[in-house]
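Following the hints, put chain B in place on chain A, whose structure we already have.
These are the residues of each chain, in order.
Protein chains: 2
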Amino acid sequence: MKNFLIFFSFLLIFSACEQKNEQKINERASINNQKSKKNNFGIILHGGAGTILKEHMSDSLEVAYKEILEKAIRTGYEILENNGSSLEAIAATIKIMEDSPLFNAGKGAVFTHHDTNELDASVMVGNTQDAGAISGVTRIKNPIDLAIKVMTDSPHVMLSGEGAEQFASEKGIELVDPSYFFTENRFKSLQRIKDSEKTELDHDGKTALVSPGQNDSKFGTVGAAALDKHGNLAAGTSTGGMTNKKWNRIGDAPIIGAGTYANNATCAVSSTGWGEFFIRAVVAHDISALMEYKGLTLKEASEEVIQKKVPSLGETAVLLPLTKRAIW
Amino acid sequence: MKNFLIFFSFLLIFSACEQKNEQKINERASINNQKSKKNNFGIILHGGAGTILKEHMSDSLEVAYKEILEKAIRTGYEILENNGSSLEAIAATIKIMEDSPLFNAGKGAVFTHHDTNELDASVMVGNTQDAGAISGVTRIKNPIDLAIKVMTDSPHVMLSGEGAEQFASEKGIELVDPSYFFTENRFKSLQRIKDSEKTELDHDGKTALVSPGQNDSKFGTVGAAALDKHGNLAAGTSTGGMTNKKWNRIGDAPIIGAGTYANNATCAVSSTGWGEFFIRAVVAHDISALMEYKGLTLKEASEEVIQKKVPSLGETAVLLPLTKRAIW
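Sequence lines, in order, name chains A and B. Per the numbering used here, the first sequence starts with residue 1, numbered consecutively. Per the numbering used here, the second sequence starts with residue 1001, numbered consecutively.
Straight line, CA to CA, 27 Å or less: simulated DSS-like cross-link-like pairs of lysine-lysine:
1) K1246(B) to K171(A)
2) K309(A) to K1309(B)
3) K188(A) to K141(A)
4) K171(A) to K1194(B)
5) K1229(B) to K309(A)
6) K1171(B) to K194(A)
7) K1309(B) to K294(A)
8) K1294(B) to K294(A)
9) K309(A) to K1299(B)
10) K1309(B) to K299(A)
11) K1188(B) to K1066(B)
No lab work stands behind these hints, which were simulated from the structure alone.
Chain A extracted, bound-state conformation:
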């Protein structure tokens, strides 16, 4: 289990895939020791692609990360083992990460330019392809719960801001005071970026938000994907977005097809990376489409999208290093 957890913490993108063709399946893509279809289940998670940088990682912090990751994945795994649904499993797994200050989601969400925390999340299930998403909420303790509630209890897929919080209030989802999301570490990260902005030139109006010092906190999204014993896939993603984000920016995490996608015919995907590129490349759906229409394996489809298609949109210097951390 230990090796898995170290690897999970560096995930860029992942998928869970039904074992229709054993030769094609990526064995590392799920914790799955059962051979029969009935017992073919598994769960994977990521805690973001850039939160953990070696130079910032003390031994005690590494232990803390591993403990939460292990708790999160074991919780989801046990739900699946006990015949729970993939949706229940990913929700429980993601909530544990949302409740920890270590990840850029829920409690540990990064700060916006205006010293606030704006949370996004989405979820999709592979059997019905039902989906739910929220963006820009500031008072929701567990955004993944609200995304699920949007899916199950509203006629909509995506709600945002105060309206989403009003819906949450009507549906009994836990709201907290915005101060709940204050963490010293994230607040200091924001101040460092603001300070660096003051001294850096912004030649084209596009680079101010992407200074090297910011990469540490750009990619800390959390997510999980699971396959349950009933053969159903589900994926979910939750994030605080980008440190110092302005103008109520929405990244890929709450966008169905970009940050999250699930289809029983192909795969379940939760992605984390530079959201703008992931939206333009429709990353999560594109992996599924390559499998469904071109017959690629999960590994081939993921490589095609992450190593070729996303970098072809530009900014390869940022995106290419992350592909080395991808799992398939």
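Same frame as chain A, now just chain B:
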């Protein structure tokens, strides 16, 4: 020209496609009389799938619709004819519809449950696959302009609400008082739906927003797609969303991959319909993916998505009639 315009007003979904294979191309999909690649250009538009119902259409209103549609398409066409870009063409075309009270976008946007107007828009260009989108703005006269500005002048793809308006203000985009969007007709539609809600049972919490009386104003999104003489595609979509929408609902119009998608290798798509289903089916990107990965023609890909994949998600009674109005 007249026949084209009548047809355009009933579009559900459309694409413009480079003529790589003349046998495969749908000749009705663009206004294009030139055979050489250099002069191969065209533009198409839609004014929503449900705004015009025969029983509500007087002769004078029909004339008014046709006049605006003709002005919109001619304006975009002339830009392309004079070597303008596909982006410039769709922007000019969409702005004319946004400035008219006849369409559910810009000036004629429908009302939310709270008597406000919340506007969404998105744009994508096929050569670089750059994209921009906004959601939930209440003071932007021409949302398509702001979506383009997000694409060209920000590091982001999607901004929302007050933050998007702040960005607009910084970039010189025209803001108006929210009262600009008041139209008697749309306000009455809202009151009718609210009245019907009071008398209708809402058994499962999902049907209150989808009463039959509402279909008239659910689908009035506008959009355009164009191919310019440089071989570049672009698509854009703009909407006021769903009458009586609550909780800051976001539909498919501002979602890249669902409401709008453009890729020079395949097609440009702007869609209108029941947004929730279009998000879950990742409609615009799926048409492109079927062409790119499975080798389908534009017609085949559109039929596959609209006649099979979207209906397979449910609510076929709502979606199937619209497929009869699709163009390819």
